Amino acid sequence: MHDSAFQIFINVLLANNFVLAMFLGLCPFLGVSGKLNTAFPMGVATTFVMLVASLCAYGLNLLLSSIHLEFLRLISYIVVIAASVQLVEMVLKKYSPTLFRALGIYLPLITTNCAVLGVALFQTAREYDFIQSLTFSFGGGAGFTLALVLMASVRERVELSNVPDVLQGTALTLMLAGVLSLAFMGFAGIGA
Amino acid sequence: MNIQIMPAPQVTPQVTPTATLLRVLGLISAICGLIIVGSYEITLPAANANRRLALERAVFKVMPAAKSIAEYIALPAGGIQPVEGGESPVGAVKFFAAYDADKKLVGVAAEGGAKGYADTVRIMYGYDPDCQCIVGIGVVSMRETPGIGDKIITDKSFLANFTALDVKLNAELAALANDVKAVKHGTKSNPWQIDAIAGATITSRAVGKAINDSAQNLLPKLVPNLDKIRSKS
Amino acid sequence: MSAATANNFEELMQGIWRENPTFVMVLGMCPTLAVTVSAMNALTMGVATALVLIASCGLVSMMRNIIPKEVRIATYIVIIATFVTAVDYAIQAISLALYDALGAFIQLIVVNCIILGRAEAHASKAPPMPAMINAVGMGVGFTIGLLSLGVVREILGAGTLFGVSLFGANFQPWVVMVLPPGGFFVLGSWLLFFAWNERRKQVRGEMQNA
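Sequences listed follow chains X, C and W, in order.
Under our numbering, read the first sequence as residues 1 to 192, first letter to last.
Under our numbering, read the second sequence as residues 1 to 233, first letter to last.
Under our numbering, read the third sequence as residues 1 to 210, first letter to last.
Hints were generated in silico from the structure; no laboratory data involved.
Be aware that one or more of the hints could be misleading.
[What the hints assert, rightly or not] Listed next, with one range per pair, are the computed distances between beta-carbon atoms:
1. C:174 x X:37: 57 to 63 Å
2. X:189 x C:189: 30 to 36 Å
3. C:78 x X:36: 39 to 45 Å
4. W:200 x X:101: 36 to 42 Å
5. W:169 x C:100: 52 to 58 Å
6. C:27 x X:190: 48 to 54 Å
Here the structure is a predicted model, which is why all the values come from computation and not from measurement.
The C-beta atom is built at its ideal place from N, Cα and C for all residues, glycine as well.
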């Protein structure tokens with residue numbers, strides 16, 4: 001692949017947004033997007049984990065390919081992701097305990113966030129080099145944060161409106177996500 | 001009454017000693033390692049057979065006159081050699097020499113890939129050395145939008161682009177004389193251009209880019225060495 | 001029915017209806033929306049996830065007494081990743097077309113919250129047989145959830161079911177159904193339907209008691 005770093009960044013931020021186009025990271029998207037002031041830090045924390053995971057995945061892939069143990073790829077990726085989440089948890093606990101408590105259970109759940117593992121898997125499949133991988137993971141995290149923030153803003157407004165109660169909850173969030181996804185389809189071809 | 005308040009029994013939290021931790025982790029790793037390696041080895045022959053079959057089917061589709069295939073690689077420094085069982089050197093380009101019933105070369109098939117709308121579009125194209133043109137394409141894998149991007153498989157006028165797509169080399173035999181590119185629907189004016197599908201420009205462009213990138217890489221290395229593969233060894 | 005069989009049946013049904021992963025617990029959303037563009041893909045993904053679920057719960061349950069609790073989540077993840085790798089290779093050996101269609105989502109079964117959740121909540125505390133039966137129930141429930149999306153999206157978005165054309169050549173497919181927004185809309189509609197159904201039962205119950 002000879003896409004430039006900028007092309008990759010713009011593409012994964014908008015046209016192939018991790019949440020709205022590739023369906024990665026949906027559990028936290030549906031769970032944490034209720035309030036803007038938890039959505040944004042969650043996005044930032046996930047982006048950080050994605051960056052670390054991407055770096056480690058790149059290195060691990062080089063190592064495993066050179067010793068022909070490719071079948072250990074998946075296990076090593078997920079172990080590295082679990083370790084980086086632990087790291088982020090410890091850092092947050094020390095430097096921002098309020099944020100740590102606000103994010104609650106969703107912080108360790110970044111380990112099972114498909115988007116983080118997805119970053120590692122996709123960059124391996126597309127055979128991105130080092131710079132491309134970094135921009136891909138940063139763009140992916142930024143796209144995830146963008147989707148979260150947009151959804152949180154909409155949901156905060158919607159809470160003040162008259163929504164039929166059969167629709168409330170996850171059904172409404174999904175419908176909103178569908179409309180957002182439809183809107184993002186307008187970015188098709190950017191960075192292609 | 002003598003009420004005796006007993007001190008609460010000492011409850012020490014159960015902390016697993018490191019030795020046990022290591023032993024259990026070692027056991028789990030061993031079991032998991034066995035399962036992974038076992039499943040890899042057991043499925044390898046079947047998976048490889050599947051891949052081989054899919055590849056052969058793709059080659060026969062782009063070169064219908066072919067009856068048998070031989071795999072070759074073009075080395076980065078120039079020159080071609082048959083694929084041995086071992087490792088291909090880094091940067092080597094794989095291609096398939098297709099032979100008819102008399103073991104004479106009918107053409108060469110190779111794969112190319114480029115980013116389409118959703119993900120990579122992989123194309124297999126057939127190259128005829130006598131006319132120095134591409135004579136057919138087949139889609140190996142794609143994840144384009146159904147009803148829009150997937151027209152590259154079915155649209156007859158799009159596929160007609162590839163019955164004689166000019167991929168002549170320039171005078172120095174170092175690159176294609178003209179880049180293979182997709183142009184807006186209805187504006188094709190040269191044999192090396194591809195008329196894009198109206199409304200599916202991104203996917204059409206991906207097909208053009210896939211062929212161009214692959215041909216630019218392969219043909220300058222292949223054409224000077226064509227005589228080596230004219231008849232099946 | 002003996003008590004044991006009744007219990008086992010309960011375990012099985014729990015995953016299929018009362019605690020259906022897709023519609024009740026809203027877990028495992030990523031593959032649910034991503035691979036349900038056709039009924040066949042949905043079925044394959046459901047079966048693959050069910051297999052990983054059963055195997056992982058079985059192994060976790062068998063080792064539940066020796067896994068130290070400090071490292072239990074990490075251990076569960078390693079076990080799940082092992083079986084996902086095995087299933088990944090198995091699908092490659094069975095059908096390359098299916099493998100291409102499901103793509104990276106086979107490997108993403110590792111982070112499917114359903115499996116880790118079941119291992120932690122159930123398999124680590126129950127003997128192998130009930131754990132695996134419960135896993136079968138969950139797997140079937142998940143597959144049903146996937147199929148209900150896959151069938152709707154394929155019929156509306158492509159006019160076919162399992163590849164068999166239903167409406168003939170003149171059918172104009174509702175293409176958005178097989179695109180990302182369609183996935184969100186269809187799942188939202190299903191949840192809406194179930195909520196409406198619940199509400200109807202509730203109202204009827206109230207009217208009867210009034």
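Okay, the hints, checked on the actual structure:
no., hint, in the structure
1, C:174 x X:37: 57 to 63 Å, "holds, 59 Å"
2, X:189 x C:189: 30 to 36 Å, "violated, 24 Å"
3, C:78 x X:36: 39 to 45 Å, "violated, 59 Å"
4, W:200 x X:101: 36 to 42 Å, "holds, 40 Å"
5, W:169 x C:100: 52 to 58 Å, "violated, 37 Å"
6, C:27 x X:190: 48 to 54 Å, "holds, 50 Å"
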